[in-house]
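What follows is each chain in one-letter form.
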Amino acid sequence: MACTPRIRVQTETFDTGAELAAFGAQPRTGGIVTFSGVVRDLAGGDLTAMEIEHYPGMTERAIAGIAAEACTRWDLTDCLVIHRYGALAPGQPIMMVATAAGHRAEAFAAAEFLMDYLKSRAPFWKKEITAEGAEWVAAKDSDEDALKRW
Amino acid sequence: MTEILYFAWLRERIGTPRETVETGAATVRELVSELVAREERYAVAFENLSAIRVALDQELTDMDAPLMGVREVAFFPPMTGG
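Protein sequences appear in the order of chains A and B. Numbered according to the numbering used here, the first sequence spans residues 1 to 150. Numbered according to the numbering used here, the second sequence spans residues 1 to 82.
Here chain B stands alone, though its shape is the one from the complex (with noise of 0.2 Å):
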């Protein structure tokens, strides 16, 4: 099972905060193709991947990182902290 989290326009584009999934992805992108082939307003949210963030494990990755051993993905727009 694995944990995935969303922020910002993210969240309430797809309309929670988080959700528990059963995946067979192996990457970050076949996540997203699989939550994308799921529902309208997945593909929504994901329609330009360039402008999400993903963090696994709660550390910056990219979307080819492998999802093996991963407990919590987390999806976001470019952080605007300070």
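Excised from the complex, chain A in its bound form (with noise of 0.2 Å):
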């Protein structure tokens, strides 16, 4: 039975374990995994802030595409992918993955599959400014690299 994911793209911040409260409460769920993405601060401690840009309606498309796969391929009882977009600041959550299966071998396979996907398949762009200006973060190798084991 294919679980029905669900997505949110928003600015606003959120809260890891609140999420998780009612998160794959249901009698066939063994295994709960999260992963949070939070803005890391650069070597030298100086990121004002982390900007990420998005494509409204593909993001969510994508995101959505991405996770209806994860349910197809693994028997999740449920999945939660979350979001943020805008000016965020070090410290800060940037997104969260939240997968939930009978055992924990399909739990973390749909989580990591999700992240490898979300990282170079969903439609957003993070910036790094700091006080001297403003960087746009390369897309490594490695991520489009991660694709292929799936």
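Think of the hints as simulated: they come from the structure by calculation, not from any bench. Treat the hints with care, since some could be wrong.
[Stated by the list, open to error] Covered stretches of chain A (chain B as the covering partner; in silico rule of three or more C-beta atoms under 8 Å from a C-beta of chain B): (1) 72-78; (2) 118-125; (3) 133-140.
[Stated by the list, open to error] Using C-beta positions, here's what the derived DEER-type ranges look like: (4) B:Glu47 - A:Gly133: 20 to 28 Å; (5) A:Ala21 - B:Val21: 46 to 54 Å; (6) B:Ala37 - A:Leu20: 48 to 56 Å; (7) A:Thr130 - B:Ala26: 53 to 61 Å.
Since we're looking at a predicted model, the values are computed, not measured. Just so it is clear, CB atoms sit at the ideal spot from N, CA and C, and this is done for glycine as well.
Make one complex out of these two single chains by using the hints.
In structure tokens, the structure reads:
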């Protein structure tokens, strides 16, 4: 039975703990995996903000497609993806994924799959803002390579 | 009429997030050639095509994809989500 993924693309912050309170609450759930991404400061500690741009419309569509694929590949009982955009301060949450399944292997695999695909197939672009100026974060070849294992 | 959207550094280099163009281009690659021929800022932005991704009507595709029936073309650098 495929799960119905819940997807939110928003500027507001979120509380990972609160999001998990009712997550995966079903008799068939045996394991829950979550991943949260936070804004990492630069080595010198001089990041003012991380600005995240996205493509409204395509973002929701792309994430829905990725999450639907995860629900098809693994027998998930619940699936949640939250991704923020706008200007975020260091230490703030950027995004989270949560997967629930009967057993841990499926929940872990689905969460990794979601993260690998969100990284290079969901239309978000990060820009690091410092006192000296702003710089777009470049995509890594390793991010693209990570998709090959699926 | 085709709506063209630009994101991230592509948007900054071209200087607009979106524009509507009248084009007879059959493929994305032909559309890029038309834009590049128009003004220097497009030539600069599209200098390295391997660093640019394209979506047609919000679906990721490639430079050789046909434009027939497409309403929205989006150009952007490789995505950095997560």
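Verification of the supplied hints:
1. 72-78: Violated, because only 0 residues of the stretch 72-78 of chain A bring their Cβ atoms closer than 8 Å to Cβ atoms of chain B.
2. 118-125: Contact hint for the stretch 118-125 of chain A vs chain B: holds, 8 residues under 8 Å.
3. 133-140: Answer holds; 4 residues pass the 8 Å Cβ test.
4. B:Glu47 - A:Gly133: 20 to 28 Å: holds (21 Å)
5. A:Ala21 - B:Val21: 46 to 54 Å: holds (49 Å)
6. B:Ala37 - A:Leu20: 48 to 56 Å: Holds - the Cβ-Cβ distance for Ala37 of chain B and Leu20 of chain A, about 54 Å, lies within 48 to 56 Å.
7. A:Thr130 - B:Ala26: 53 to 61 Å: With a Cβ separation near 44 Å, Thr130 of chain A and Ala26 of chain B fall outside 53 to 61 Å, so the hint is violated.
Hint compliance for this structure: hints 1, 7 are not met, and every other hint is.
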